[in-house]
Amino acid sequence: DAGVIQSPRHEVTEMGQEVTLRCKPISGHNSLFWYRQTMMRGLELLIYFNNNVPIDDSGMPEDRFSAKMPNASFSTLKIQPSEPRDSAVYFCASSTGGKGYGYTFGSGTRLTVV
Amino acid sequence: DAKTTQPTSMDCAEGRAANLPCNHSTISGNEYVYWYRQIHSQGPQYIIHGLKNNETNEMASLIITEDRKSSTLILPHATLRDTAVYYCIVRAPNTGGFKTIFGAGTRLFVKA
Chain A
3 DAGVIQSPRH
13 EVTEMGQEVT
23 LRCKPISGHN
33 SLFWYRQTMM
43 RGLELLIYFN
53 NNVPIDDSGM
63 PEDRFSAKMP
73 NASFSTLKIQ
83 PSEPRDSAVY
93 FCASSTGGKG
103 YGYTFGSGTR
113 LTVV
Chain B
115 DAKTTQPTSM
125 DCAEGRAANL
135 PCNHSTISGN
145 EYVYWYRQIH
155 SQGPQYIIHG
165 LKNNETNEMA
175 SLIITEDRKS
185 STLILPHATL
195 RDTAVYYCIV
205 RAPNTGGFKT
215 IFGAGTRLFV
225 KA
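Chains as they are written, first to last, in the numbering used here: chain A, 3 to 116; chain B, 115 to 226.
Keep in mind the hints are simulated off the structure, nothing from the lab.
A hint or two may mislead.
What the hints assert, rightly or not - Derived coverage of chain A by chain B (criterion: at least 3 residues anywhere in the stretch with Cβ under 8 Å from a Cβ of chain B; other residues may be distant):
| no. | region |
| --- | --- |
| 1 | 38-52 |
| 2 | 104-111 |
Said to hold, decoys possible - Computed list of lysine-lysine pairs in DSSO-like fashion (alpha-carbon distance at most 30 Å, straight line):
| no. | chain 1 | residue 1 | chain 2 | residue 2 |
| --- | --- | --- | --- | --- |
| 3 | A | K80 | A | K26 |
| 4 | B | K117 | B | K183 |
| 5 | B | K213 | A | K26 |
| 6 | B | K213 | B | K117 |
| 7 | B | K213 | A | K80 |
| 8 | B | K213 | A | K70 |
All C-beta atoms, glycine included, are put in the ideal place defined by N, C-alpha and C.
Using the sequences plus the hints, can you model the full thing?
What follows is the structure in structure tokens.
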């Protein structure tokens with residue numbers, strides 16, 4: 003199993019540009035989570051999906067952030083327009099759902115907005 | 115989900131057991147205790163979880179007190195590669211999916 007795959011690993015973009023982060027969950031996992039990590043705020047849950055349906059997006063900071071999961075094997079997190087304060091490491095995680103199961107995290111995308 | 119309290123940091127000598135405590139005095143009957151760790155520059159890694167019985171796997175042991183108000187994660191023979199931030203999380207499943215909220219965790223330093 004290749005695990006949770008995120009791309010790109012690193013992204014440097016200019017303020018105002020659109021950024022799209024991608025995630026491929028583990029096959030068979032029906033829950034997918036997007037987290038953001040910064041030194042100041044730690045790991046923050048942005049949004050999570052269950053069976054491709056967004057369940058809780060209360061952690062999405064602003065309307066500039068949007069996430070989609072068009073099918074069970076792919077999800078995107080988009081920031082438009084990007085701002086320097088969006089600089090962070092963004093992690094995607096997946097799980098089989100149900101009680102008693104842990105998450106598997108990807109390696110993350112390090113985003114730098116200049 | 116119940117709140118957890120962990121020490122900010124701990125040291126452990128290489129080869130010795132690392133015992134990481136976690137307080138969760140407001141835990142509810144259906145809430146599980148989970149442990150994750152995050153090694154520098156990597157994504158968090160699931161370690162172990164339990165409801166009320168002690169659990170052991172290839173990575174660690176989890177000891178939950180009888181009243182379930184606290185737990186201890188034990189790394190039996192810590193190595194330098196176990197240096198990481200360890201997160202104790204309490205959460206309950208729900209029918210619409212579930213979410214895990216991470217706190218600040220305990221920064222474990224394993225020293226040679």
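Okay, the hints, checked on the actual structure:
For a cut-off of 8 Å, the count of residues in the region 38-52 of chain A with a CB near a CB of chain B stands at 6, and the three-residue condition holds. Only residues whose C-beta sits within less than 8 Å of a C-beta in chain B count toward coverage, and the region 104-111 of chain A has 7 of them, enough to reach three; the restraint holds. With a C-alpha separation of about 15 Å, the suggested pair K80/A and K26/A falls inside the 30 Å cut-off, and the hint holds. Between K117/B and K183/B the CA atoms are separated by roughly 11 Å; this keeps the pair inside 30 Å, and the hint holds.
With a CA separation close to 19 Å, the supplied pair K213/B and K26/A stays within the 30 Å bound. Using a Cα cut-off of 30 Å, the hinted pair K213/B and K117/B holds, with the two alpha carbons roughly 14 Å apart. Pair hint K213/B plus K80/A holds up; C-alpha atoms about 21 Å apart against a cutoff of 30 Å. For the suggested pair K213/B and K70/A, the alpha carbons sit about 17 Å apart, so the restraint of at most 30 Å is met.
The earlier numbered hints are all upheld by this structure, with none contradicted.
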